[in-house]
Structures are given as C-alpha cells and as structure tokens.
Amino acid sequence: MRGSPPRHPDEPKAEFSALEGIIQDASDLKVGDRVVYPNQGVCEITGVELKEIAGQQLELVRMRREEDGAAVMVPKGKVPSVGLRRVASGELMEGVFHYLAAQYDDPELDWKVRHRDNADRLVAGGVLGVAEVVKGLHALSRIRPLPTKEREQYDNARHLLVNEVAVSLAVPPGVAEDFVDYALMPPAGTKFVLKPPPKPILMPNRPKRKRIVVDEEGDGLEGLGLDDLGIELVEGEAVEGEAATVEGEAAETAEGAEAGEEAAGAEAATAAPAVRVAAVAPEPPPTRVGREEKPAKAPPKAAAPKKAEKPAEHAKKEKAPARKAAHPAKAAPKAAPKAAHAAKAVAKKPAPKKAGGKKK
Amino acid sequence: MIRLVTLDKVDPGDIHALVKILYAAFGLGTDHAGDRAMPPDVAAKDGRVDAVKLLTEVEPIRLVADDKVLYITAAPLSLPAGPLGEPPCWGYAVYGGQRAVISLSKLPGRGVSEASVEAWRNRLAREAIHAIGHLWDLHHCYDARCAMHPSWSPNLAAQPDHDLCTFCREKSERKIRLAKT
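First to last, the protein sequences are chains S and A. At position 254 of the first sequence the residue is numbered 254 (our numbering), and the sequence of numbers has no breaks. At position 143 of the second sequence the residue is numbered 143 (our numbering), and the sequence of numbers has no breaks.
Take these hints with a grain of salt, some might be off.
[Unchecked claim] In silico EDC-like links for lysine to aspartate or glutamate, alpha-carbon gap of 20 angstroms or less:
# : chain 1 : residue 1 : chain 2 : residue 2
1 : A       : Lys-175   : S       : Asp-33
2 : S       : Lys-195   : A       : Asp-14
3 : A       : Lys-20    : A       : Asp-67
4 : S       : Lys-149   : A       : Asp-143
5 : A       : Lys-175   : S       : Asp-155
6 : S       : Lys-199   : S       : Glu-91
If you are wondering where the hints come from, they were derived from the structure by calculation, not from laboratory data.
Can you build the whole structure from these sequences, using the hints too?
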C-alpha cells in the first residue's frame, strides 16, 4: 500500500504492509458494500462509472461518504494503493476497545516524529491505527494541552474512530462515542477485565537525518565528516589553517574598523574556505601568488553537500568575534586596545594578499 | 434555534435560567416549546428509559432546518451495552442531528438554599450544553474544564463550569455559521 511521500529525494518512498480486510482487487467490490476510505471515513459503493479524464478513458469506482453524502471516485486500478478496506469486524473492534482501555506507554515526545507517525497510522494503520492515534494523543493531553495541529488531528482521528465503531457495532455515533470514552476515561472505581490487546501496527522505520555534532571545545573540524572521505588531518596543517584564519582575522580587524559590518561578513565568508583548503587539499608548491590563493583542486563531489552545511555553521560562530572587532567601542572596552594593537602590528607587516584582493 | 421540551415537571425558574445560559453559550435563540408526555414502551424493567428509543418515539414538535430540540426528563436513561459494558448515561444526542435528551436523575440534589439551586442550575446547563454540542457535531473533549468533557469522567470537578473550551467553541461557531448560510 502506498505511504506518505518521502521527506527527502534520497529517501525511498514508504510502503506499508497490507492489513487485514484491505481490498486488493476492485472487482471484489459490489454496489451497496460499505468500505472505509482512509482519512475520509465510511463510504458506500454506489457503482462503477466510465469517465474521460485528460483524454483517457478511466473506470472509476464511485462511493458515497455516509457522513455527509459526498461523492468519492477512485480509479479501479488505484483501489489497492489508496488503502480502501472493509469495515472492521466485531472481533477486531473488541480488540480495539481492549487496547483503548489498556495502560499506555509514554507518548512520543518529539512532535515532528509523532505527527508524521500519526498521519501514517491514520492512512495505513486500519482501525487499530486510528485507535492508536486517539489513545496516544489522549495520553499526551494528560501531560500538557495539545498544540492546535495535533488537537485537530486528535479530533479527526476521534471522528473516524467513532464512525467506524458505529458502523461496525450497528449503534448510533452518539452511543459509539460513549463506548470509546468509557474505555478511555472510565468512571472512578470501574475496572475492566481486559484481554491482551492486539499487536500495535508497525510503521516502516525511516532513516533519521544525519546530524553533525560539533564539539564545542574542539576546533570544530570533527563534524566535517572528513574521516568518511578518507582524509586524514595532519596536526600541522590544521594549525596552519588556524593560523591563516587568525591572520585573516587580524587583517580584517584593521580594515573592519573602517568598513564596519560589511567587512565582518566578508571575513566570515573567507575564513571558512581557508580552513577547508588546509584540510582537503595537500598544500601545492607556492609558485605564484595568484595560484596560491586559489583552491588547488576542486573538492570531491561526494563532499559537496556536507561541506555546504558545515561552513555555514562555522561562519556563524566566527561572525560574533568579527562583529566585536568591527565595533570595538560597542563590544567591550577591553577589546578596543587589543584591536588597535593588532591593527598597528598589521600596519607594520605587509598584509598577506587574499584571494580576490585589491590590486594596486 | 434551540427549543426545550420537558417530559416531566421542571421548575419554570430553572427553565428560564437554562434558556438564558443556552442563548449565551451558542448565540442562538432559545425558548421553551412546552411539555410532552413520555412515550409508552420506552421504559425497561429496571425502570430506566432507553435513550435511543425515547428519541425515536417521542412526540415530535414543529421544527425548521437548523433547529435543535432538547428534551428534559427526570427519568434515568440507559444506553445499549458496548464491548466493555454499559457506559453511564447522563443524556444522549443524535450526533449532528436535531434531537437530544438529558436526564435530571444523575444531577446532584437541588437543595433549597440559593447557592445549591445555583449550583444545580449550572450543572443542568452543563449537561444541556454538552448535549446540544453533540447536535452541532462536537465530540467529547479531553479538557476537563470544557462542557464537552464526558460527564462521568473522574477528572471532572465537583462543580464543573458550563463553558466550552476554545477549540470546541470555535468549532461550534463554525458549524453554526455554515448552517446559517
């Protein structure tokens, strides 16, 4: 059965396992059958129609939503993939009630994971999946009030569950809702004799996004993923890279005092590549000044996406000191003499030329 | 419009107070449409009245589209038993429909002092708002301070308020607005 769309292009599309009662072939459907359309509710099959859509002759199964009489049409070929299923049997429904009345584990606290998981359960989990959403969000609401999105999701799930219970047990929806809440919130002193609840629906595990953890105390190069690329960082190179960065900063401090924040931004942008060059490429023999400043080799293709994330973080971190240097008077009174001293030192020495620097 | 119909004798002062509270809660005109007799053959052997059967067999009153009618009875009500047993019944409403019934039998004693009468009226109003909320497509709410919280819940306060929570109020207002258009 088709799942929700993937979060990333690299991630494979989720495929859910077929549940009990799911309709695999549209030819099994007859007029008057009652089926459950995921996220829509209980529908009644009213017939099969032939329609021309975008120049194609399509055979559509026509359904009427029982709740409000809305028409739902599904191409015959897509019936198995949309997750159309039979209304839950009495036995399964009894299991659902035992599940609702049972103790609940701690709810998932990461709302993004929870929200997506609940959305999947509503689509592909069958009646037990809907009950899981209701119970999970109900358990969470005891800890704290639900945010608006989840409150709506809870209300929708409850609506779907109540309607299916009503159809399955042949009772009015008002009574079905009392059954559900009697199991969820039993009156004081009520004890149920519960059977072991049915196994919860297992949703496909999605690979979590790889997070780069930057060591606050380290030099910040561990998180670049250089080990994955087979690049070993030599101690001296890293130090040289740092030195280059410091030098760059010092030069910028002198200019930055005049240029202000624009210079700070430019410094942040140039500082990160300095580190990258030192780490990735073996130092080429310095022949000409212009060549030395350019990156010797194009970075390997595989490293490109990871590097795009890292320098941005690195640049952010370096922006703060750069701003301090750019506004010495505002930043701290102690920093002012230091910056002035550095400017003097730089003025004595010829400033190292930078990539794309000024030409005289 | 909300129309109240009494199946047993209720104090006119209580009905008057209820009319005012329902008008404030839903912003809809509310009136007392008179008394009706309890239909025969709805009472079970244990003396309770089948709520579902009562609403189908009670003598109808004249209604126009979007009108809601609330029957008030002193008789205890019952519901069919579910997979885990029979839930306690304070009232019953046809979800999204036009008819609802509430029972006075489960309310705490009315008393004679002004404070106890006021508390009793508040509790009556809560049950009435709860039943009419179901008629406007509201489900039960997990918020124990909301009038849509189940009446048998152990989390309910001893003297619960008769207000709807923000979510339920907005939903009912949306439904009422749609119905008017």
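Tested hints:
As the CA atoms of Lys-175 (chain A) and Asp-33 (chain S) are separated by approximately 30 angstroms, the hinted pair breaks the 20 angstroms bound. Proximity of Lys-195 (chain S) to Asp-14 (chain A) is assessed by CA-CA distance (about 46 angstroms); at most 20 angstroms being required, the pair is judged violated. Between Lys-20 (chain A) and Asp-67 (chain A) the CA atoms are separated by roughly 17 angstroms; this keeps the pair inside 20 angstroms, and the hint holds. Under the criterion of a C-alpha separation no larger than 20 angstroms, the hint pairing Lys-149 (chain S) with Asp-143 (chain A) is consistent with the structure, at around 16 angstroms.
For the hint pairing Lys-175 (chain A) with Asp-155 (chain S), the CA-to-CA distance comes to about 15 angstroms; that is within 20 angstroms, so the pair holds. About 14 angstroms separates the Cα atoms of Lys-199 (chain S) and Glu-91 (chain S), which keeps this hinted pair within 20 angstroms; it holds.
Of the numbered hints given earlier, the model fails hints 1 and 2; all others are met.
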